[in-house]
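**Student:** Here are the chains, one letter per residue:
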Amino acid sequence: MENFLLKNIDNPNSADIAEYEQAGGYKNLSKALGIKPKDVLDEVKASGLRGRGGAGFPTGMKWTFATADPKFPKYLMCNADEGEPGTFKDRPILEKNPHLLIEGMAISGYALGAEYGHIYLRGEYPEAGDILNSAINQANEKNYLGENILGKGIKFKLSVHMGAGAYICGEETALIESIEGKKGQPRNKPPFPVNVGAWGMPTIVNNVETLSNVPYIIEIGGENYAKIGSSECPGPKLFSVSGCVNKPGVYELPMGTTLQDIIYNHAGGMRNGKKLKAVIPGGISTPVLPADAIDCAMDFVAMPKAGSMLGSGAVIVMDEDVCMVKVTYRALKFFEHESCGKCVPCREGTDWLRKILERIENGKGTQGDIELLSDVAGIMSGKTFCPLGDGAAGVVMGMIKHFRSEFEEHIKEGKCTF
Amino acid sequence: MAVRFELIMFNETVINEINGIRKKYPDRRSALLPSLYIAQREFGWLSLKAMSCVAKALNLPEADVRGTASFYSMFKHNPVGRNVIQLCTNVSCMILGAEKLVDFLKSKYGVHPNGTSEDGRFSLVIMECIGACGTAPAMLVNTDFHDELSESRIEEILEKYK
Amino acid sequence: MITLTINNKEISLEQPMTVLEASRQAGIKIPTLCYFEALKPYGGCRLCVVEVERMPRLQTACTLMVADGMVIQTESDTISEVRRGILEFLLINHPLDCPYCDKAGECELQDLVNKYGPAVGRHKEEKRKVPESHKDQILARNMERCVACTRCVRMCSDVQGASAISMMGRGNDTRMEPFSADSFNCEYCGNCLTVCPVGAILSRLYLHSFRPWQVDREVDTVCSYCGVGCSLTVQVRDDSIKRVIPKEGKGLNKGLLCSRGRFGYEYIGSDDRLTTPLVRKNGKLEPATWTEALEIVADKLQGIRKESGGVSIAGIASPRCSNEDNYLFQKFMRMTCGTNNIDSISRTGYGAAQKYFEDLLGQGITSNLIDGLKNSEAIVVLGGDPTSINPILGLSIREAARRGAQIAVIGNAKGLERFKTLQITAPVFEEAAVLESLLAQVFASKGERGEHAFLDRGIADMAAGTSTVSDVKGLDDLKKILLESPSTSIVFGTDLVQRSDGHRSLFAVSGLTYLLEARLYLLSEKANEQGVIDAGCVPDMLPGGRPLHIEDFKKKFEMLWKDSLPDFKGKTLMEIIEGARTGDIKALYIMGENPVFNLPDAKYVKEALDSLDFLVVQDIFLSETAELADVVLPALGWAERTGTVTNLERRIQVQKKAVETSAGMEDWRIISEISGKMGYKMEYKDSEDIMDELAQVSPLYRDLTYKEIDRGKSIWPYHGEPLRGAEISEIPAGEEVQSGNGADYYLAVDRPLFHSGTLSRRSPALTKIMPEPVLRISAASAEKLGLTDGDRVNVTTSAGSSETVVVVDDSITDNRVYMGNNFKDRGACRLLNFRLDSVTKAPGIEGCGVTIEKR
Ligand SMILES: Cc1cc2nc3c(=O)[nH]c(=O)nc-3n(C[C@H](O)[C@H](O)[C@H](O)COP(=O)(O)O)c2cc1C
Ligand code: SF4
Ligand code: FES
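Chains as they are written, first to last, in the numbering used here: chain F, 1 to 418; chain B, 1001 to 1162; chain E, 2001 to 2855.
Just so you know, the hints here were simulated from the structure itself, not pulled from any lab data. One or more of the hints may lead you astray.
Unchecked claim - DMTMM-like, lysine to aspartate or glutamate: derived pairs with alpha carbons at most 25 Å apart:
| hint | chain 1 | residue 1 | chain 2 | residue 2 |
| --- | --- | --- | --- | --- |
| 1 | E | Lys2473 | E | Asp2540 |
| 2 | B | Lys1023 | E | Glu2430 |
| 3 | F | Lys364 | B | Glu1099 |
| 4 | F | Lys355 | B | Asp1103 |
| 5 | B | Lys1049 | E | Asp2173 |
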């Protein structure tokens, strides 16, 4: 398959508008503006595109809810918070192919009747911020953005909003709170952002990769797009592969490519000839899979059946030398650090889980600690305000399920066995 | 006297910058995060004074400004050294040895996590994932990105930051 | 109609609401922690989880809206287990220091754990250790106990609008802190104390001094401070007030209080209280027995009446005293002493405005429900800061702002700084001209309203004679707002009455009220400013606002009171003082007032009182005025006696006796004893007995009883229609005076949030919050004068000088400097000169140009 999302990124000037235009860029915008917004929306619906931010919600459906709400103005938010550990797939688009995102947002804004767009960019990507800002300036100058896009009387204004180091701001309602100048704590749903979002208005939050797929859908048509990859969640997908492989990196592959294929064919197989032990398939919030479970298709439908989730498609590969207790402990440190503090089960639970894991990893674990871990995770699971706390519980439960013996050994030996 | 106003108020250029940002949003509160970045740039860190200036410039309650600022880990609530090292130790970086690098920074530069070296040259912040897992381990020094780190690479890189 | 099933019980609802609300309505209890009725649902604690059929996860009842056909279980084994689990989580860091914690016995966490467990926790590591912070004088902060429900923060920002605290940090590190991390430096409403479910925020006034279950009694009563009249509950042990709390949802304040109401009660138990009558002997005040003191007063008044007639006797009543006290006081003055020279401090502001408005627009024109303010779409605030004069009323304005109302401030109002949408700076002494100009512009657009011919004509005449003030910024915008707003309220503070041309402002505001069909609110500093008028403590009106000059009314009262009424035109407050100075007034009886301190130009007032033959002061403290008296009679104070007060909406409420004291006697009892000795019998069992008489003689209170008042039924008009419409058919013309004296800075009397009159300075808590007078000045003035926060300065006018501390205040936009009138020897009033407004007879403040020098 030819790259679309990562097209041209080896070109050192790929972020420049001239290069982008040279490669056919912004033609899809002009094509989209030639048809009615409703028709653009129908193409996206027909494409079967599902959100690439992690939850896999059908994009066409989200857009339909937003357009059905009569309130105006509407806001289009690009979720560029990319905070899920292991994930670095949006970054090449933001830094190397910013005009693809801009074009995608301009088309989406048109389809949605949104005149304002904001890119919520994580604070850890300052360079991407500079690149995006100059790309937006170029696009404004060339009337791909602004008050009168391509002379068609269409308005779409775009700006970049820097986050400041809070993973939870990737959650869409927290993102909205954060743009509004507040703490990034999730809001109660319903009402959903498509009805009551930023500044009380209908707001559509989509991931960078999701929006970057839109020009492609316009280019080849929704029906053709739907034929790529998995039938229930089609399209190209970016996988960020890291850990103990020979060729870590971001790969653009059809949705539904198997984990096996990703690790061994694309990422060059295991480093230093070591044995594969486990894979976290979709970013740290998704449950771990043992080595014998990697023959599964990476998409939003197959992964839950395999006992995990596609998440952001961030594949973290671990070999035989990696201590799973330590990984779990580190993951919980992350969740504890990133818990927003709003709800009790997550705020207190992540802290407690981290403490138990810390003592097991440091050889201070006691009999009953594994049950306690399960219990604490059980209290959290399904009771937290947002999926962050749920994810933390799921990580612990998954690790115990597949690697219980490692935990037991730590406790028995009174030390880390790696 | 005038002291109070010189110290507590942003100068006009900054006020204009903030007013420019305000125009991007439908309400004044939304300009808070960008304004806090500006205050951090102007004062080096977010002292009470710095946050008070932001509160005044946006006519927001001071406690609210501080509450919001303190939620975000990239805002500095204590004075920092001349250069801030933000090193990732999350799983992908950890697997590839990030923790050893923390030890290296401690022994070689005398800088501890959330601390500043005695000479004021470096501050160290342990980061959650900074999106460089494919080229782990990685760090930001101020706003510059560095990856595929090893002890020797760190030495080489930090040479440039005095 | 929504029908749903909760715990197998079918429930029908007219309106959408949350599952929690629906359950509570149906009498089904669901445990909660982060939920608080007056606050928006938060959904953080997760204790209110319930099972809903066809929903995969447990749902939080506090956030879930009911839907038709829902089937809900609020208790089950699964649910109990979850609740136990969550409580176990909460106890990870919560210290089990209940024996030492003030909250024990009324702690929501304690109750929940008691019900759901766990009996023991499994957390092995150390608990979080944070020392209790006592860096604030009033509030203690214990962050070990905090459960991060954020109720305090939400109360502070969403209801109080102060936003003085926030949750700092995030995740498990979250802690509540004020901006500075030590002192709260806030409005000290203490409403965070009400909402804290655990012992994380505590009042230092009673820290470790009793347990909630150890109070001897609880009395529901009404606050003694301002004209709002908040409901509050006094908790008493050993006949001393242990604490004052509001009751959730109760009273017009709906469970909220301000700093004065909550923390200002200690004056009642002050060591400075007068405990025995004092009689001047050889130039010195000496303790005396009641019999001796009362007899001296009776003899002296009797003698002076005989010698010089009732005209030479005068009385000053009190807006701090009850309706019953004031009613008896004026009856005593009129019937026993034979004089119409009765007035009160209300004359200097509230009373003067009230009379003007009612004369022009009809009785009851200012009797609007405070709660209604929040529904206004435009609110004009002028002549004072409602959030400090009447804090709970101020909250309604803030709420209106949150609901999107336009808030226009004419002048300065610090408490509305973040809520106003428009501010108009009217130059000192030109306020009336600005208001007239506004009225003329509104009139030009709207034309006559056609309800009252004389008022339409008056406005037209005024408009014709007014040149538009063109250089006042924002006036056009305000006009536009007013013309577009379907519901406008005007909140009038009495600063504008205190001008020698105050009547012009009053006319302009009357005109605006009339043309815009606005609701008019009159701010009232003291608890019973309305009541003192309604009880008849004005020279020209009998109880119920019955004009004395109307023969029928006079006759009726003479019949009821069984003697003839004095027949001459009585003097108003400042005329009484002037009368004392010239010798026309020989005896003055002051009940609960301190003219030497509270009236402008202390030197002049003192001179006048010194010239009297006989001065009686009845008070609870030896005030500056009492020090000059021939006889001082100790009275009972708030919480020591029962009596009614009338608030600024004209709602009558009962202030109830809560503590027993031997310090003094009820004001009314002292008066009736003296009256008896002077030969006019006044025999009453108690204050209720007096109310029964008042309800008989005053048509305003027709048939009103304590019982009815207690049921909350006593809102104007108490029974049926208002008594009278606009009374006059001509706009009273006053002298046009030019007051400006070209000073660089003008002194204005501040009405601080933390003090009220001189009572509050005897309340240690309030003096801790604000220990000395401050001078609030604008940033521009500070810059010009080379001053900064905390500088000590001398403020000097032609009448005197005072030392104070500078506070730079960004909300001030002009060259006014503000100083309160609360602290001994350092009040603002004594620095002011005055000239009477020829219409209202209120003292207009003059000669308030000041110089400010750094010490
Ligand atoms: C804790 C949490 C973190 C999230 N972080 C991100 C993120 O970094 N980037 C992102 O695109 N979506 C993130 N999401 C998903 C968003 O809430 C949302 O589903 C997404 O932005 C929708 O866009 P999509 O439909 O295009 O995927 C996160 C969700 C949760 C619960
Ligand atoms: S689960 Fe609760 S505490 Fe955790 S991030 Fe979500 S809302 Fe915040
Ligand atoms: S009361 Fe519902 S979550 Fe706290």
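**Student:** Each of the hints needs a verdict: does it hold here or not?
**Tutor:** Right, here's what the structure says about each hint:
no.: 1; hint: E:Lys2473 with E:Asp2540; verdict: violated, 41 Å
no.: 2; hint: B:Lys1023 with E:Glu2430; verdict: violated, 36 Å
no.: 3; hint: F:Lys364 with B:Glu1099; verdict: holds, 21 Å
no.: 4; hint: F:Lys355 with B:Asp1103; verdict: holds, 22 Å
no.: 5; hint: B:Lys1049 with E:Asp2173; verdict: holds, 23 Å
Against the hints set out earlier in the document, violations occur for numbers 1 and 2.
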